[in-house]
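J.: Chain by chain, the residues:
Protein chains: 2
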Amino acid sequence: MKCSVYIATSADGYIATIDGAVDWLHSAGNPEADMVENPDMGFGAFMASVDCMIMGRKCMETISGMNLSPEQWPYGDIHIVVLSNTLTTPPENLKDKVEMFSGDIVDLLKELENKGFNQAYIDGGTTITSFLNHSLIDEMTITRAPVLLGGGIPLFGQLDNQIKLVNSEAVAFPNDFIQVKYKVNYL
Amino acid sequence: MKCSVYIATSADGYIATIDGAVDWLHSAGNPEADMVENPDMGFGAFMASVDCMIMGRKCMETISGMNLSPEQWPYGDIHIVVLSNTLTTPPENLKDKVEMFSGDIVDLLKELENKGFNQAYIDGGTTITSFLNHSLIDEMTITRAPVLLGGGIPLFGQLDNQIKLVNSEAVAFPNDFIQVKYKVNYL
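Top line first, the protein sequences correspond to chains E and D.
My numbering puts the last residue of the first sequence at 189; the count rises by one with no breaks.
My numbering puts the last residue of the second sequence at 189; the count rises by one with no breaks.
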């Protein structure tokens with residue numbers, strides 16, 4: 003299973019403030035910039051490249067809290083699995099959207115492969131760090147908002163080993179967001 | 003005084019491992035990449051744009067520990083001030099290179115301006131964070147090595163307020179380092 007990350011952070015590497023808020027992300031950047039060339043900063047193209055999604059519980063709760071309408075739902079009809087050792091059922095507004103999983107992520111990937119899935123979108127800081135520690139992330143796209151939060155929940159948690167990144171790419175968008183891409187080399 | 007940052011970090015934002023080591027920085031990236039177009043990733047051009055340097059004690063101690071020969075010394079004959087509330091004299095191998103300062107950084111900048119300096123290079127994580135909290139950093143160039151350390155000493159410490167960044171630029175070098183530049187907007 004190819005596992006890819008597509009996530010936004012602050013310029014200092016946080017995915018949320020310490021209380022979980024992401025409003026800074028929506029207000030960051032130059033609102034008057036001409037984004038006609040790439041209005042979604044590649045998100046649609048990324049979504050078209052994956053066929054399933056694995057996210058952590060906190061990530062799911064953030065999405066649930068947004069109470070998105072069907073028109074606002076960003077993940078299409080992709081198969082979504084939420085990792086949790088505590089919750090066995092999803093929140094009411096996501097019950098038709100996600101499936102809960104508790105257990106080993108290697109087993110989960112095998113299960114998904116047996117169902118015919120090949121390209122997973124991995125989301126959420128804890129989940130991404132866990133996948134990195136299992137040498138399971140193949141590539142990462144990180145979109146950094148032009149703001150320093152000065153504290154919060156970091157994208158990357160503690161890693162068991164240093165991890166080498168290769169095939170770097172970078173682009174600064176007109177709205178001052180900077181997007182970087184890496185492939186991960188565990189050798 | 004225009005205050006600029008030029009610093010290297012890991013891809014997850016650390017300037018050193020938890021014990022202060024920076025060897026990962028020198029071994030990071032593709033050693034076989036053709037860097038003929040920009041062998042120093044802009045460091046020489048940056049040095050040519052500043053006329054003085056302010057760094058923290060830990061930063062100085064890291065440099066002192068490298069025991070650089072005159073040929074290896076990267077800062078030319080620029081005027082260097084080291085901030086410390088504990089040390090009053092520099093290490094023996096830097097005694098002709100740096101001057102110690104204890105006190106308020108706003109006073110230091112006035113003092114340097116009175117001596118005719120206009121463009122300061124601000125170095126070291128604690129010092130940069132302190133300058134940001136005093137709204138004194140004008141622009142930042144951050145060169146991210148293609149490695150996740152998974153822990154260490156972060157570039158950015160805790161900030162008193164969120165800080166907006168503007169005029170983003172980004173480049174991925176052939177060796178897989180990614181350099182980003184921002185101007186800082188405190189309004």
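Hints may contain errors.
Given that identical chains are not distinguished, each listed pair holds provided it fits within a single copy or across any two copies.
[Claimed, not checked] The calculated lysine to any residue pairs, modelled on SDA-like cross-linking and capped at a C-alpha distance of 20 Å, are:
hint, residue 1, residue 2
1, K185, P33
2, K60, V173
3, K60, I82
4, K185, N116
5, K99, T143
Source of the hints: derived by calculation from the structure; they are not laboratory data.
Please read all numbers here as calculations on a predicted model, not as lab measurements.
J.: Against each hint, give a clear statement of whether it holds in the structure.
T.: Hint check results:
1. K185 / P33: Intra 31 Å, inter 17 Å, cutoff 20 Å: inter-copy only.
2. K60 / V173: Intra 29 Å, inter 33 Å, cutoff 20 Å: neither.
3. K60 / I82: Answer is within; shortest intra-copy Cα gap is 14 Å, inter-copy 47 Å.
4. K185 / N116: For K185 and N116, neither the intra-copy (25 Å) nor the inter-copy (49 Å) Cα distance is at most 20 Å.
5. K99 / T143: Neither: 24 Å inside a copy, 42 Å across copies.
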